[in-house]
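J.: Residue numbers (my numbering), protein chains in the order written: chain A, 78 to 513; chain B, 78 to 513; chain C, 4 to 522; chain D, 4 to 522.
List time: in silico DSS-like cross-link candidates among lysine-lysine, alpha-carbon distance up to 30 Å:
1) Lys472/A with Lys46/D
2) Lys249/A with Lys335/D
3) Lys494/C with Lys357/B
4) Lys178/D with Lys255/A
5) Lys249/B with Lys181/C
6) Lys472/A with Lys472/B
7) Lys255/A with Lys335/D
8) Lys249/B with Lys335/C
9) Lys139/A with Lys472/B
Derived contacts from chain A toward chain D, CB cut-off under 8 Å, selection only:
10) Phe106
11) Ser148
12) Val206
13) Arg498
If you're looking for bench data, these hints aren't it; they were derived computationally from the structure.
What you are looking at is a predicted structure, and each value in this text was computed from that prediction instead of being measured.
Don't be surprised by glycine CBs; every beta carbon is placed ideally from N, CA and C.
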Amino acid sequence: MSHPYIPNTDEDRRQILDRLGLDSSDALFADIPEDCRDPRIDLPPQLSEQELVAELAGLAWKNIQPQRPLSFLGAGAYRHYTPSVVSHIINRGEFKTAYTPYQPEISQGTLQTAFEFQSMICELTGMDVANTSMYDGASSLAEACLMAASVTGRRRIALLSTAHVSFESVIKTYAAGKGYEVDVLEPDQVELGPDHACLAIQNPNFFGYFEDVEALSQSAKAAGALFIVSADPISLAMFRPPSDYGADIVVGEAQSLGIPPSFGGPYAGIFACRQDLVRKMPGRIVGRTADVDGRTAYVLTLQTREQHIRREHATSNICTSQQLLALAATVYMTTLGKHGLRRVAELCYHKAHYAAGRIAEIPGFSLPISGTFFHEFVVSGPLPTPELKASLLEKGIIAGYDVSDRFANGLLVCVTEMNSRAEVDRLVESMQEVVR
Amino acid sequence: MSHPYIPNTDEDRRQILDRLGLDSSDALFADIPEDCRDPRIDLPPQLSEQELVAELAGLAWKNIQPQRPLSFLGAGAYRHYTPSVVSHIINRGEFKTAYTPYQPEISQGTLQTAFEFQSMICELTGMDVANTSMYDGASSLAEACLMAASVTGRRRIALLSTAHVSFESVIKTYAAGKGYEVDVLEPDQVELGPDHACLAIQNPNFFGYFEDVEALSQSAKAAGALFIVSADPISLAMFRPPSDYGADIVVGEAQSLGIPPSFGGPYAGIFACRQDLVRKMPGRIVGRTADVDGRTAYVLTLQTREQHIRREHATSNICTSQQLLALAATVYMTTLGKHGLRRVAELCYHKAHYAAGRIAEIPGFSLPISGTFFHEFVVSGPLPTPELKASLLEKGIIAGYDVSDRFANGLLVCVTEMNSRAEVDRLVESMQEVVR
Amino acid sequence: MVNHEPGHDRVHPMARQPFETDMGDRLTFDLSRPGRIGCILPKLDVPEAELPQDLLRADLTLPEMSQIDVVRYFTALSTLNYSIDTGFYPLGSCTMKYNPKVNDDIAALPGFSRVHPMQDDATTQGALEVLYRLQECLAALTGMDAVCLAPAAGAHGELSGILSVKAYLQDRGEKRHKILVPDSAHGTNPATAAMCGFSVASIRTAPDGNLDIDDLAAQLDDDVAALMITMPNTLGLFEPEICRVAEMVHAAGALMYGDGANMNAIIGRARFADLGFDVVHMNLHKTMSTPHGGGGPGAGPIGVRSHLAPYLPTPVVERDEAGAFRLAAPAKSIGKVGLFHGNFGVLVRAYAYIRAHGLEGLRSVSENSVLNANYIRERLKGVYKLPYDRSCLHEVVFSGSNQKAHGVRTLDIAKRLIDYGFHPPTVYFPLIVDEALMIEPTESEGLENLDAFCDAMLAIAREAEEDPEVVKTAPHYSPVRRLDEATAARKPILRWQPSAEHAPHAKESGGPSIPRGVS
Amino acid sequence: MVNHEPGHDRVHPMARQPFETDMGDRLTFDLSRPGRIGCILPKLDVPEAELPQDLLRADLTLPEMSQIDVVRYFTALSTLNYSIDTGFYPLGSCTMKYNPKVNDDIAALPGFSRVHPMQDDATTQGALEVLYRLQECLAALTGMDAVCLAPAAGAHGELSGILSVKAYLQDRGEKRHKILVPDSAHGTNPATAAMCGFSVASIRTAPDGNLDIDDLAAQLDDDVAALMITMPNTLGLFEPEICRVAEMVHAAGALMYGDGANMNAIIGRARFADLGFDVVHMNLHKTMSTPHGGGGPGAGPIGVRSHLAPYLPTPVVERDEAGAFRLAAPAKSIGKVGLFHGNFGVLVRAYAYIRAHGLEGLRSVSENSVLNANYIRERLKGVYKLPYDRSCLHEVVFSGSNQKAHGVRTLDIAKRLIDYGFHPPTVYFPLIVDEALMIEPTESEGLENLDAFCDAMLAIAREAEEDPEVVKTAPHYSPVRRLDEATAARKPILRWQPSAEHAPHAKESGGPSIPRGVS
Ligand SMILES: Cc1ncc(COP(=O)(O)O)c(C=O)c1O
Ligand SMILES: Cc1ncc(COP(=O)(O)O)c(C=O)c1O
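Hey, can you work out the whole structure from these sequences and the hints?
T.: Given below as structure tokens:
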């Protein structure tokens, strides 16, 4: 019996070998040095499909999924309701099992939806152009910083300390290649010099709060540095787009647009910028054109930025990105639409504020940061954060992310439309019980 | 905001009303007697999609699913592994959201796969013709009995007592319409008279055992009655097809061909018969033909048997049947193929015999029936069956179906390829513990 | 082959080149190569038992294919289907509305799909609760006292309902042998009556589309067991005298059977019990949007007034004082109608659909389905003959008789619609309308789609006058063109055969004027 | 429009009529009608908080569509794509093999898809175990000592690997500024080197398709940090002198970087570590069959020898003595390369793929992928020019130079294949082959599909001689035909705009000879 994924039968192989004039396929591997050929390799045994599903389902069961228990964990990945249509669409084989649309005549499905994605991202961010996706929000930000260095010819990158915990690390990793310096600045101590390529911020920031964007933008402009904003796309349905406050490049994580948490990936990085920077942009871009019969059609364009043409002179080495997730985000945005996306943002806003208000009323708890927040907020409690988290987990609640390195007994709590009032109330009651 | 399933906006409705020259849609309902119009109706409140999923998932959680705990329950619905491709195919909107292929030019997907189904059922059963599906295995059998009455002009139906518990009831329900008599006979006391239209049997029977088909077939033929066999399609991959022993009509339940248990439905009824009976058959039949350009194509045919043409003279009133499930079964049979289907049958056979052997070794347990069995078998234990079942359920095992009405402390135990040896061993150990 | 371009830029999205691969000619059996398989199976982990050699079969012919070939074969075939997901499907009497994807997800939850029908009630409380709640919803929507969810489709509901009526009458010692059915009725109605041992008498439809009450009165004697009537009827019209009709029927000692397949028109606005019906069946695959699956599965629950409740099929779901749910047999049940408890996976979807609407949402369903049908009526009337010129409910029935004058039949119009990208309406049904075109848009289509459809219908009417050939030879842009249906029926080829002789190549277009689309 | 019929009965299944709806002209924004929405949202169940008016945005332009219209729009667009599920996709260097459906199901299990990346390790042991096991499998298959799964694609793996090399060399106080890359390399190799601050020097390919060892020797100085080399190379050839090459490189104090994107050719048969590599990246979306998704997601894990292990990106998964799994940062890690821990959903699928094969299955993968490529080589050689006439591994590279003599370019051949129902091979890559046609059948195709493809290639070669126009104007049967790529780049329209001026209608066919298909 053939393997189900390998159609050739013994007879097929015999016919091929006959045609090749060979007795066995071994001859085809003769270029492999003999002492390296066919080594002993220890792999676990083959499983039937039924056993495979059972084995992996068993491993899946070993995880605590934040459906039950309740979860208030955000910190860069957000639990939003994904309308059922999203998975039905992205699971269509025609989308899922195609590759990069290098042959536009038979790839309009991918190309047109990518153009939709670009368009929607431009609308959300207020920027002129967007690409079809980066690996994720962090690498997107890092590439934006490299791009700023390339645009400005400068070698220092400035990043606000209030950005996501991963951002600093990823930017430093990427910057190490070209040997750029990375300065991590406190929001109220931003001073940029003539060698700063950019100021990168996250807004709302890692803790959920809005930065003083006008002042920060001002500082960047004054220093001749690009102003790079990482923004959550759901927040943009409700709050001012970064274009409003002078962003040159806007990046973000598309995960909140209907992509499941999935232990951290696959997600999709958002990358948008000003029109005049487009030829410095990394990643794929789809443009609108027509075919010889005059039919509207879409095509990969401005490819002379890319590695397959420009090789070592490319704007980035990125090739395969996260197209299917960009499609998921596109279907999500289309399904919720103008009103639905805003509604989701508003639900998150009001529910988070309700939760913050209720928690702040618990004796011993307070909100160490004041200001407007979205998606999440920091609470300081009377207990060490790990202890608080552990007690709440025992009660079936994933309470949030430990930020006690920045705020005494700090816990970053996220509330979305997935959390009913009853869930928030249960969190509050459980917190009361824990500290009682 | 419109309802997501109802596109018309207020503005659309206004335009429609304008065109109709109406102020409101009320006028369109004026034919409803006023005192019956717009009654008070108590329905539960509308749910958002997110709440709907949560609510129904909550109800789903209230069921004990036979994945964990272990299950040895069969009795007419069988746990077989469904290859993943089956659901991927039947979930394609083009298959799922089409209806009866009355317009063959744009329904070849449904028609050609239905023709495949008919062909595969013919191969399995050994019969000449098969239809595209009935509601389920029981109604299929009942319709076969009515057909036999119509073919023979006789008014008595004979059924073996060893058939599925539901069969007798469903046949009696269907027979009541025309006032046919139903005789339930013990396998060793089959005597048919000149007014018997048919002898209906299940093979292997409800208890998993093979009947003495040659003798039974003989009795039917001798009396001029049709011989109707209900057979499990998985068993047919391994055992002699009913055509071999003189069946005139073969029916069965397609559920075991990759259709999930789903609390009893939707499944699909199999219906196959001899060529010369085809114009008396109920249900839809697809035939092969060509289009005006000579392309091979498929079409609903022999429709002059059916209600939409023959009305009160139709062979049955059946209209909508279970096409999507017939498709599932077709994809299942194609994926497993000739060897896979036989392999599944063999796995079931050997595992059931292993289980039977091990259970019979437990002091106090015995096998009250001797002979060859498939899928399931009856054990008699030292405890009342409900007590045994309850104790095993406490240990996380759904042990089988209570047949103590037919066998003292009888339990019908089913073992399929889904039950590993370890599971069977756990059942055996648990039984030992319970009776210790 | 004629290759006219419709005067319109919509062409069927499945349009194909005329000379492409003959997909129908290669079945799985033909694609099969010995030694292939589509799925890895587990190894045997127990000792082999002895095989009963005399019971084993010698050989089995089934295809042998790799997984990729299975996926490609069925994926390719799927694209030959027209479906709701691919376009407007105004198939009259079939309520081809949008099938919400989330309902498929819900039905596939392991907590539902893996539950075994023979488990003890105590282990299936969630599934039973869904069924119980659905019974309650359907009772509320029809005004009936009891509901049974076991029937698998509309016709199965009819069988269950009429058998219940029969049992009820028998119990009362009544001998009634006749069932009255309007001449506009769906074929399943008379077929059901016959299957239940009744003779069928037809009641005329009056010129206004209502029941001919005089004819009814004339035929209503003490041999009549029931009047089976569809509300609104298959002309899309609501019988204004329904309460009087019910009174007459009841006065004659007969029962009122309601065919509720068209309930989409009146959902949330009128209840069958209030209108005088004793029993009604519903088609949940229509009104409640469960996917039609190319011809099922469906669900055809019945609701009855209290006097019929004891006769309902087995099982129904009951709730005990402790709040536990259980499957139960009504006291004088006609018995089981299927192997287990009905098409549970369909019923779950129907419940989800109801909950996604609430009463207001369901009233919006009926409102918009009726508005849409009337909009089409208004735009097409005049050009297409409207045999009953009054406002309709959820569907509108035209006659193609104007076009027949040019030699263009309703079947041709239907086929030509395919070229314009639409699924044809139901045709040649109801039987009482000459060259019937039965159009049911449902509430799932927005105004712009109705307009596109009407534009196409009007364009075809023009073509029928100016270029009838293009219509009579349609469709031109479908995966296959008109079939030789005559030969298919005369020399039936009903299964693959190793040496399958292909059907003779058709030279004439096929297709008699039989009802198409009334499942 | 030219409308020639291929001399063959296979036509692209997506073939369309020339005059159908201009699907590209109607985007969601154009289909939008104010007041529609595709999903019901929950009501607010808490008191409203005050809104920060100064931070709110005024308006947002996004489409407003009903759910049915969303489904139809995207379903229709999907059918414009060629995909593995719809046909043979021999795109060289991309390993377009069958993507098992069951792996999608597994990745979608709630126990995986709902796990949050910031949960404490104690609550994610199952997910961590999958990653740990996959690390072990990949280490076994490459012979490497440590594996990091964080990189999201091949190029991301290259970045991670070269940065690790850089950090390692820096730690040893070495100052090396150059990376050697063969002229046959994939574009990401030089791009990565440059991105990591290295200069790139190109090594010639010898006439036999192997590395020009003299050129290598000449360029190997103490400024060289690494040789980046693809095994087998992009010509589908395995460097027989690889061990010697590795010795030379190591002797020069440089490291061996392996691009493992072509690992399908040798999986289970040769290990990168044994061949002398210090670091290798793998493309799991190729070798391990995870769906390509129209351009991702992928996964590009790297494996390293022990001296590089401390530099691996963060995180890697470790197992403690108690058997518990945890995310950890290697001692001298280059840092994180992404937001969280890599494309988990892709990695799960890759693990499932490995388990569905076992070692024997994976060896059958490489055997059949190599047999298939050689079969195509054998059938087409002579007609198509074979620049390196020796047996190949998983892919075979031809030159279209014979056909160029008739004025038919490789791009034309590629486009004509579309008419025959095939996805074109990669073209114009590798750059060192004139008019390159790079064909990778993978093990997922059975012999009959290879034959059909070869038949088409041979038919096109005949057409190129006899009727070159039909090839040069191909494709004729695709949803759209050749595009005006020049205008697209010159006057880019990169987003929908309310008053979108359409691009000028193309009059010439577009398409420069840039590499197509090497993602
Ligand atoms: C009016 C009417 N009654 C009864 C039926 C029969 O329903 P089913 O096809 O579900 O058996 C139908 C549908 O086809 C119908 O339209
Ligand atoms: C040989 C080779 N190296 C590297 C890459 C880059 O991989 P990715 O596209 O996943 O970044 C590819 C694939 O496109 C390739 O074929």
